[in-house]
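Chemist: Heads up: the sequence lines are chains H and Z, in that order. Using the working numbering, you'd call the opening residue of the first sequence number 1 and step up by one each time. Using the working numbering, you'd call the opening residue of the second sequence number 1001 and step up by one each time.
To be clear, the hints were calculated from the coordinates, so they are not data collected in a lab. Keep in mind that this is a model prediction, so the values were computed, not measured. Hints are supplied without guarantee of correctness; some may be wrong.
Claimed, not checked - Within a straight-line C-alpha distance of at most 25 Å, the following computed SDA-like cross-link-like pairs (lysine to any residue) qualify:
#1 Lys1084/Z to Gly1036/Z
#2 Lys1088/Z to Ser141/H
#3 Lys1146/Z to Gly64/H
#4 Lys1084/Z to Ala89/H
#5 Lys1029/Z to Gly64/H
#6 Lys1029/Z to Ile79/H
#7 Lys1088/Z to Ile77/H
#8 Lys1088/Z to Glu56/H
#9 Lys1146/Z to Phe65/H
#10 Lys1029/Z to Thr231/H
#11 Lys1084/Z to Gly64/H
#12 Lys1029/Z to Asp31/H
#13 Lys1088/Z to Ser143/H
#14 Lys1084/Z to Arg229/H
#15 Lys1088/Z to Ile79/H
#16 Lys1146/Z to Glu56/H
#17 Lys1029/Z to Ala89/H
#18 Lys1088/Z to Gly82/H
#19 Lys1084/Z to Ser143/H
#20 Lys1029/Z to Ser143/H
#21 Lys1029/Z to Arg229/H
#22 Lys1088/Z to Leu81/H
#23 Lys1084/Z to Thr231/H
#24 Lys1088/Z to Val221/H
#25 Lys1146/Z to Ala89/H
#26 Lys1084/Z to Ala225/H
#27 Lys1029/Z to Leu81/H
#28 Lys1029/Z to Arg224/H
#29 Lys1088/Z to Ala89/H
#30 Lys1261/Z to Asp1295/Z
#31 Lys1084/Z to Arg224/H
#32 Lys1084/Z to Ser141/H
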Amino acid sequence: MAFALVFPLFFLFVVSSGLDPVSSLPGFPADSYVDFMFAIPFVHGALFTALNSAIELGRDIDTGFLNRIALTPARGIAIMLGNLAGGVALVMIQYCIYFVGGLLMGAHFEAGLLGVPVLFVLAALGAVAIGAAGMTVALRSGSPEAVQGIFPLFFVGLFLSSMNMPRNLIENSWFQWIATVNPVSYLIEGLRSLIVAGWDLETLAIGYGVALGAIALALSVSARAFRARMTRT
Amino acid sequence: MPRSRAWTGHRYVSAVSAIVAERLVREFKAVRAVDGIDLEVADGEIYGFLGPNGAGKSTTVHMLTTLMPPTGGRAVVGGYDVVKDGPKVRELIGAALQEAALDPFLTGRDHVRLQASLHGLSRTERASRGDELLERVGLTDAADRKVRTYSGGMKRRLDLALALLHGPSILFLDEPTTGLDPQSRNALWVEVARLAREDGVTVFLTTQYLEEADVLADRVGIIDFGRIVAEGTPAELKAAIGRPTVQVAPSDPDERESIVKTLDRFGSPVEAEPGRLAVRLDAGYDLADVVRALDNERLKVMHLELDEPSLDDVFLAKTGHRLEGQADAQPEPVGA
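The shape of chain Z in the complex, shown without the other chains (with noise of 0.2 Å):
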């Protein structure tokens, strides 16, 4: 029987779910981390789990992962109960949490043994293996060199050869390129990209950074104060925010006013940069109409551009403020 596929938007992808969540919650005391999530994730699927510091990803990482039991609904992930089953979810899976958890006195193939081993590779095959990742993830010339002289993308590349090892079918990854320089960032999205493409493997990726998610991702879910505010391709995320967004800088302080009265003509005004003036143009309307409007009332503009509406965008639109600036914030702690 041929396995029923879904189109995500430029690929297609098993549109059976590697991970379902069902009203997820996890509280701490008072504090409800994460606050009642749906999400499914198809098998083969890159999801992309966007939000900013605090707002529940990690947390959420951490009950799919078997490593925290919720507190209320379920989670199924590889068709096992999260709660019932997290032996066999252990099994399936593959995980790089937000700290990279290496022992800096080992070698990378100390790591490499030692966790194929707890995972009851024969001794052969850890070897076979572990070769065989150290070369994909391009450790292999310092895989005899102790952690701690390691620079921070090969402590994650090493990290997620570790995941990898078993040959886990999903795979997490939080926040796996915070901090990382962007030539390593980019070396990491080609190698989860593949992963998912040649390798089918299914991963679900957390992030703070809007690029990654836009990238990366077949879809994204946004979440913010431990709920998802909006899901789907980031196409269709932006999209439904819909219209470009035109930003003004007046040249003359005198003339603000004028200008905001015929920028409010072809749309709503948005928040802009300081000094600056920015509407969200309505449907039916475009760049050149605003530059002829400006040019017909003779006001004069130092600046004037046309954004494409972001993942940043959306994320404004659905929460009331931005992602972008607290992504170089620390990591999220998990719980409280």
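Isolated chain H (complex conformation) (with noise of 0.2 Å):
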């Protein structure tokens, strides 16, 4: 959970310190860029521990720990839900200390105190979307370390979207069609909106489809892969 709170404060600020003067191109959304990049430790964080509550399922499935879950009357719903339940618990935690972290580097929220909620449930929401896919590959495979393998995808689909820069502003065709076609481009985005715009509602409503969206295929696709591996009678 050190590295979880560590890593994407020091990503806030080094970015944020050194890239500043990006926010003076014409057309950037943000009076500054620690408030574009604001969005960005919510959706590491959401990485960070979605990815390791399932590294942890990998582990349970590799000892044999699922299967002593298995032969109590735990319901099977219930232990997948547990497991994101528990990963989304941490993740608030961590948001907390962000969103304390961003203000005091200078960041400012537009969307004012009834914006936390709706910003915190969003960035959760990715962090369930995340943390089902990740499942998925611990069931799947059995191993914690395939769920480790993976991480650099995740890593490289965090890149390839409009993390550090607006779509609009991407001069790159290719990397800009990549971030426009990236799911992960809209929840940044319903995030960013919220700290940048205060209430677009348009964006926020994409944002929150597009989680919840994610949520529902990565979560068909898990159960059926917990189906598979939790073949108890």
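Hints given; two lone chains; assemble the complex.
Modeler: Okay, here's the thing in structure tokens:
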């Protein structure tokens, strides 16, 4: 958890300090780069924590601990959701720390107090989607190492999005195209809209829609993987 | 109405069956890991399931504990079908599987609390039952230490405590003493025997260790390549193989053929240790007859011993190969 707390804030500090001149670009949507990047620790935190939960699930399968739980009356859906809920609970604590850390670094939050839970919930939905995807890998492979192995893919997916630059200012056409089709962009933009614009309901709705859609897809795949893994009668 | 009882050979057990398997099969793609097993375990009995790695022991246990559905046949545990009534079966059984299945970052007490809450025990019951079982397996002092600091024997004892937490009437132990030192192994045997004799728990125990089956089990089923090749009490199985074996080490290699001819008068030749000759004595002959015959022929031997049949001999007679020597290999994987 220490890494999941420190790295996102460190990343925010480094990029917002070093790249602040980017905010002077014509059409840049935020007054400062730290405002623009304030959403990113929430996504990083979701990624680290959700994948750690999936790694732990892989370890539980590898050590036979899942079999021990399978022998109890605990229902399969409860085991799955419990794993995800544990990750969400942890990530919520992290979000509080990122929020305070970002404010201390000079970020502004346009949506006000009411926007805080909206921000946290949207970011948590992202954590659930990533967690469910990681869970699928853990269930199919039965290996914590396999889940660790997919971490770079998620990180690449983050970078090939509007994480560092608004989509309309990405000059490279293939990068812009990838960022446009990458659902992570819409999650980030939904979070960012609360920070930079306040209540941009359209962008927020798209962010929530993408997160919920990703959850629906990831949960259905992981449920199938769970049924295949836990073949108890 | 009095409960009907059956004599196992050294104690009475209930004649009601706790576990019944009929033509039980489990296939994995091209591999038939369990190939039509029929068995019955009486209520309160300790049943030893003996076989080498890859024989199908763990796969059978996984089916009987509802962790894996059979691909053929049926099994009834505690009166409930393992496929149709999985949840009811799980209420009645406890299982300590091949892997100790413990989280190294939790303490022993954490494990007990987690398991107890998953089984629906109340908060008070969790504490009292947990303390009772930790004391019973000798882990009270270590209960608040993380499991990663536990020895192999301690982990196995915790595993057993967790399997017993909800008071099951049927206990499955899958190679519970593999990898343990003799002291830890004996301690576990004492506890398993106590569970059956004092608490009336039915125990289904898989093992590669002949001594374990011999000492603990009321009845033994020997499994090889997915099939039960012999079943009975240890005494019955050994008596069926029957006769003792005399093993001789010739002093003079040139007399080997003469010794073979002499021994052949008393029984059938069997596999012997390198450099030795062995014969299974026919009925009516004993060691003294062999010694007298060798003496009369003035044949000198360096070493002579009488071997009573062991479960390994039973295994050899039934399968054509020995079980001993395979016991320290890696644990049997479940399925293909």
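Chemist: Output the indices of the hints that this structure fails to meet, ascending.
Modeler: Those not satisfied are hints 2, 4, 6, 8, 12, 13, 17, 19, 24, 27, 29 and 32.
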